[in-house]
Amino acid sequence: MTRIKEVFREKSSPLLIACTVAGDPTPDASLQVIRSMIESGADMIELIVPNTNPVADGPVISRAHERAIRGGIGISGVFSLISAIRRESQIPICLMTYANPLIVRGVSAFIANAASAGADGILVVDMPPEEGELLLSQQMIDPIFIIATTTPPDRREMIGKIGRGFLYIVSAPGVTGKREHLPDDLKQRVIEVKKSTTLPVAVGFGIGSAQTAFEAAAAGADAVIAGSVISGAIERHPDNPDPYVREAIRSIRSGIDRHRFSRSAGR
Amino acid sequence: MRFGEYGGRYAPEILIAPLQELAESYASFREDSGAQSELETLLTSYAGRETPLYRCRNLGRETGVRICLKREDLLHGGAHKINNTLGQALLAKRSGKVRLIAETGAGQHGVATAMAGAVLGLSVEVFMGAVDIGRQALNVARMELLGATVTPVSSGSATLSDAVDCALRNWAATAENSHYLIGSCVGPDPFPGLVRDFQSVIGRELYHQSLALEGRLPDAVVACVGGGSNAIGTFVPLLDTPVRLIGAEAGGRGLSPGDHGASLSCGTPGVLHGAFTQVLQDAEGMISPTHSISAGLDYPGVGPEHANLRDIGRAEYVCVSDAEAVSAFRLLSKKEGIIPALESAHAVAAALRLAEDMDRGSMIVVTLSGRGDKDLGTILGGGA
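Just so you know, the protein sequences line up as chains A and B, in that order.
Okay, so the first sequence: first residue is 1 according to the UniProt record's numbering, each after it adds one.
Okay, so the second sequence: first residue is 1 according to the UniProt record's numbering, each after it adds one.
Just chain A, same shape as in the assembly (with noise of 0.2 angstroms):
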């Protein structure tokens, strides 16, 4: 069994996955920072391999990956970054990345170091299913697909289909980024995605708080994805994230904790 299956099984859910740009603010307190993220009650790390041009990506992720390519982590050191997590831990690890960086290293080759290393899953933010047959073909890590806000029913069932290891939804239209509250008609796309699939689904874009990890969870995620957040604190506390990353992490994990409290509760 995948590590990713496991802990879905494993685990009472929801789980919360914790991202970090990988060798933000440089590769050795990048490291740190995921200890730090596993430590106090990640379930699954979400590592964001650095890029030049982030689409995706809200403007305190961007920052985060320009500050990753300054700190000089480059794609051989995303997968150290991997390996090192790894020999310490068997925590889950999906890399999260844009295509240029597979397309040129031979998406083949891409994925057999990044298997090798011991990544488990990979989301490649810029290459859908249609562009993604060499993603899909090979058995060695799980393809992670997004559903959007954006996405049509049939698509979606398509994507439920072919994707593997969990879905990624997407609260709200945008990019990544911390937002109040997250929209009304999430409950129903996360229940609507769960027709459509026999894989666990995960809920991320927005979530940067208690309340908003709580509002993910009742929404019936089975994880919710905390990103921005961890940039931010990195950001305001370059040379010593530490303790503002196991902050942030304890703060959503009250939120997830408070919907499985009033959920026990209820019954």
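By construction, these hints were calculated from the structure, which means they are not laboratory data.
Because the structure is a prediction, the values reported are computed rather than measured.
Virtual Cβ for every residue (Gly too), placed ideally from N, Cα, C.
Any given hint might turn out to be false.
As the list claims (entries may be wrong) - Reference listing, derived: stretches of chain A covered by chain B, where coverage requires no fewer than 3 residues with Cβ under 8 angstroms from a Cβ of chain B:
hint : region
1    : 65-75
2    : 103-109
3    : 122-128
4    : 140-150
5    : 161-174
On the provided structure of chain A, position chain B as indicated by the hints.
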């Protein structure tokens, strides 16, 4: 749609449905005679088509080669950009969109979008790098006067490529009521083909005018290539003829990384802004910084159709340095009384170089994509 192996739709999932919708509405727009005739009316009475094919009286005379200019610089707004913005804005309006988003480098495409938005009653937001805003204050004022909102982009190098990122991000959140009016034959499918079609009016006119006025097709046509929209519009109607197709890329200060914008001469295959094409990047796929004296050629990618035309050997691409472009800029101004855009001056320089090696009596058409008023600051400032 692919151009050989190039092109494709490398876009985030949130944009896939809007891109599909755009492809479908464009397919019906093409078949809709009412839409086509409205576009033609706009191009004629608003933009000022057709543009003249002018045979130079003095330029290149010593070589004995006949050099003609396709005068896109005479269009409303001073550049070929309006061909595309009127086309896409009309398509957007007929598809029920109320707002246009655009990116701009030097501001020419932003101005052309603001004009199209104003005339068709669509609101316009233009994303522009903060560095470019500083360099192009006049165009910023122009866009604002035309009713557009200019939004500064300060991420990355705060230039064109970052403005494209921002425009794409904005579209991801607003696609329901907004159309992303991309400025060149780049981006995810269907944009490269759509922009190519709207710009092909250049090559179609050029074809007929050459036959009518000069009694023959040219031996070669030359156009500058940043993203490559005026060049693709020049080339495509001539694909089935024996005419040599030559693109002039920004050779900048030299061909070391970071010093130029010559994606076809120096690039490698990669994905940029939604298309698989030739890209200036490092060995790990990180996009390289670029330089050109002309903001319109200062871009690390190129339209995917150009990459294919190069690979199949149908079109040739050459580099023109900043210094050569500036000399051509001055020469054309002096010899013909026409001040070309610095972008177009790259094509003029390439044509002059070509003329040296051609037989006397040969004929070259240069697409003069824009006029050079916007570049006087750069030239007078001595900036290169």
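Checklist line | Violating hint indices (sorted, rising) | finding: Violated hints: none at all, because every hint is consistent with the structure.
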